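Asker: Counting from 1092, one number per residue, gives the positions in the sequence shown under the working numbering.
Source of the hints: derived by calculation from the structure; they are not laboratory data.
All of these numbers come straight from a predicted model, not from anything done at the bench.
We treat Cβ as the ideally placed atom computed from N, Cα and C, and that holds for glycine.
Check the hints yourself; a few may be wrong.
Stated by the list, open to error - Below, computed lysine-lysine pairings styled on BS3-like, alpha-carbon distance capped at 25 Å:
#1 K1318 <-> K1168
#2 K1365 <-> K1379
#3 K1269 <-> K1351
#4 K1561 <-> K1486
#5 K1392 <-> K1561
#6 K1264 <-> K1199
#7 K1365 <-> K1392
#8 K1525 <-> K1536
#9 K1365 <-> K1318
#10 K1326 <-> K1364
#11 K1129 <-> K1118
#12 K1173 <-> K1272
#13 K1447 <-> K1467
#14 K1525 <-> K1194
What the hints assert, rightly or not - Simulated restraints on C-beta separations:
#15 K1351 <-> D1283: 19 to 27 Å
#16 N1268 <-> F1359: 28 to 36 Å
#17 K1126 <-> R1461: 17 to 25 Å
#18 D1306 <-> Y1567: 56 to 64 Å
#19 E1529 <-> R1461: 15 to 23 Å
#20 K1318 <-> S1138: 28 to 36 Å
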Amino acid sequence: MDLDASFVIDRYLSQQKNIFTVDEFNKYLRKNNVKLTKEQAFDILSSSGYVFSLINEEFVTRSAVFVGRWFSFMPSKEEIKKGYVILGHRCMPFINPEVAPDKITVVKADGNPVLPEAVSFTMNQAMDTFSLFGEGYVIPYIYSDHSNEKVTLASVQYGLPQYIDLTAWPLSKICGNKKIKYGDRILCRVIDWETSEVELTLQPAQRGDFLSEEDIAREEWYSTFEKTLLASFNKNGPASSIEEQLALLFLENLNVLCLKSCGSIEEFFKHTKKIGFASYGVESRLWKSNEVIPFIGPWNKQFKENTLMADISMIFSPQVFDAYLENYIYENLEVEKPEPLESLMDDIFPSALNMKPAERKLLLLNMEKRFGILKKNYNQFSDYKIAPVRARITKLCSEISSLVCSIGCSSLNLEDFPQQELVILVQLFSHIVKIIEEMENVFMKDHFPVEDVSLSLEGMEDTYEEISGKLKRSLYENTYKNITIM
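Please build the complete structure, drawing on both the sequences and the hints.
Answerer: Below is the structure:
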């Protein structure tokens, strides 16, 4: 898909304020010279992070759901003392999940902008305010803040700094020069989802010896939040991230959660003993306290046979094709008689897929056509830094996809496999395909973070080595456990 088509699609999904169907979406695309089949349009909507799927094949955008909805947070003592607030996860899930916290536009109630500044905070404050991004993502989000110019992500292996510069907004401007005290809140709402414009206003606490009506309403909010979140776990499962867990929760409970008397998600953990952070493979989710999140649960039990097959489809990503082909070109630059291009088929497509000869022939023809285009435009010198990393990535991708396919195509009960290892396998597969797609993005190629990816890749290689043996043993045992020698 070209850049113009992506722009048209993103514009619609960022601005559409009404519930719509695939046909209405496709009609808009055709009107703007973007031609897709109904199936392609449906696939875009089903996979887009900007859209929620409703019943009867209808959709609604995040913009339509979240613009104008109330949420709040209480500045910490450190923020009150410094006179600045950092946003971190506090606008989650109301803004575009692809927009980093330091890129949010803050305005006052009168619409005037509040300009941010670089302010030094303790690392403890930063970790607390970014915690909902989940383990494994907190540090990258903090270090990638554009106000942080002193420490690099690669330096994490040597320890965390005590302080770090982060993008922060002056409380004096947000509050209109009114004095803010600890216990006061900041009431928020998204004004423009497309530009991530958020309105912040002061909500003074009612101080006294007795609980105010607002205090009582907020306690009720925390009780409602807990009850609805527990129900959401059974319905939606761990979702793809904590952000998506919260997005689905608020989507289904807007009228009882998006109130001016609302509390905040970060304060909620002081009010509950039933919910906390839980490991989900190599990531983290919100979940029932002291319970392990299974790969198969009430949310996906009825279609568990197709759960892994949906992940296997990632192999057919055009960017994955390109990565293997470019790796083939690079490795055979000085080879007189390279292995035939067909040899790549076994690297890309695991044998467990059992493709028919006609399917294999068609894929090979497409590969040969794409190979000719890539080789014609190939630049060895610009590829010099990326090539070694890409070789490692494609090798690991082949190993992971082979195991995913072996399990997914085995017709075995997925509940009989070690659940956490199965979760990690799928996460590794998804993450490595995402890296490949970013690496093959022509608009990002010159800025691809080779060093950071190399560091991340080491961790993924070690993790795969740790889990693969257990999964392979389980695959073998479950395959042959009911076979008896006569």
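Asker: CB of K1318 to CB of S1138, is that within 28 to 36 Å?
Answerer: holds, 31 Å
Asker: Please verify whether K1392 and K1561 have alpha carbons no more than 25 Å apart.
Answerer: Cα-Cα ~23 Å, so holds.
Asker: Within 25 Å, alpha carbon to alpha carbon, are K1561 and K1486?
Answerer: holds, 20 Å
Asker: Does K1365 pair with K1392 here, judged by a C-alpha cut-off of 25 Å?
Answerer: OK: K1365 and K1392 at ~24 Å, within 25 Å.
Asker: Run the distance test for K1447 versus K1467: straight-line Cα separation, threshold 25 Å.
Answerer: violated, 31 Å
Asker: Within a Cα-Cα threshold of 25 Å, do K1173 and K1272 meet the stated pairing?
Answerer: holds, 12 Å
Asker: Does the structure keep K1326 and K1364 at a Cα separation of 25 Å or less?
Answerer: The given pair, whose Cα atoms are some 21 Å apart, holds under the 25 Å limit.
Asker: Run the distance test for K1318 versus K1168: straight-line Cα separation, threshold 25 Å.
Answerer: Given that 25 Å is the threshold and the Cα spacing comes to 29 Å, the pair is violated.
Asker: Note whether the CB distance of K1351 and D1283 lies within 19 to 27 Å or breaks it.
Answerer: Between K1351 and D1283, where Cβ atoms are some 20 Å apart, the hint holds.
Asker: Hey, K1365 versus K1318, does the alpha-carbon distance stay inside 25 Å?
Answerer: Judged against 25 Å, a Cα distance of about 10 Å means the pair holds.
Asker: Does the Cβ distance between N1268 and F1359 fall inside 28 to 36 Å?
Answerer: 31 Å Cβ-Cβ, so the 28 to 36 Å window holds.
Asker: Compare the distance between the alpha carbons of K1264 and K1199 with 25 Å, and conclude whether the hinted pair is satisfied.
Answerer: Cα-Cα ~8 Å, so holds.
Of the numbered hints stated above, those contradicted by the structure are hints 1 and 13, listed in ascending order.
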